[in-house]
Amino acid sequence: MFLKSSLFYFSFLFILFLTAISGKCQIPSKLTLDKSDTTSGIVLFSFSVPRQSYGEYYLDIFHIESRKREKLFFHTSEVPDIKNKEMRIYYGAKLLPKGEYKIYGWGMIFNGATATSTYTSRANFSIPFTIFEGDINYLGDYFGIFRRITDQGGLKVPTEAYFIVSNRYMEDRELIRNKFSSLNLNHVVDGMPDFAGNNTAYSGLFLKGINVP
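Under our numbering, the first residue of the sequence shown carries the number 24, and numbering increases by one thereafter.
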């Protein structure tokens, strides 16, 4: 009995530790940027999901100069910044080294009623973007979609997944300003990746309104 209680206690502490780390890295409440910083910039982004979708969503990014890989992610257990009848939207920001980057992959982990399904990008692709030093670089909104079918038991289950990408900055600017009150948003760089020139039909990333499945 004591062993079970101890395991539960340490597991709980470990979950809290991971939550604190992920929040600090991805959605910090007091993130600041020194304009004199010549080595780093902030990437600002959001993920959107249909109201009835639950799980984890992420983008894989790669820093060309350092060859370092990063993830931009969130989990639906976090409190959404926007919630309406159709969707929930989560804003995040992260301090990154300046330079040239690429989005090279993504993933969605869907927590269903009876099982968990994982979807990742299957094609090789490279969609470039730039982080400018001393600036806030807006990377866009990534709307995670699961295409579903009804199984023999009458449950709707996902069969494939993809992201619809759009620029929501002007639409959500006041919300962003309130959430990241420690950041100076008077000058935000449009850092939208080059989806028009470098995307492929197989990346699973679609610009809103253009060739969306």
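Some hints here could point you the wrong way.
[Said to hold, decoys possible] Below, a list of computed lysine-lysine pairs in the DSBU-like style, where the Cα atoms sit at most 30 Å apart:
1) 108 to 58
2) 108 to 231
3) 125 to 231
4) 231 to 94
5) 125 to 108
6) 94 to 106
[Unchecked claim] Pair ranges (Cβ atoms, derived):
7) 194 to 141: 15 to 21 Å
8) 89 to 183: 17 to 23 Å
9) 57 to 134: 36 to 42 Å
10) 170 to 60: 26 to 32 Å
11) 58 to 140: 19 to 25 Å
Since the hints were derived computationally from the structure, they do not count as laboratory data. The beta-carbon is built from N, C-alpha and C at its ideal position, and this holds for glycine as well.
Here is what the structure says about each hint:
no.	hint	in the structure
1	108 to 58	39 Å, violated
2	108 to 231	20 Å, holds
3	125 to 231	20 Å, holds
4	231 to 94	22 Å, holds
5	125 to 108	33 Å, violated
6	94 to 106	24 Å, holds
7	194 to 141: 15 to 21 Å	31 Å, violated
8	89 to 183: 17 to 23 Å	33 Å, violated
9	57 to 134: 36 to 42 Å	39 Å, holds
10	170 to 60: 26 to 32 Å	42 Å, violated
11	58 to 140: 19 to 25 Å	44 Å, violated
Consistency with the previously given hints fails for numbers 1, 5, 7, 8, 10 and 11, ordered from lowest to highest.
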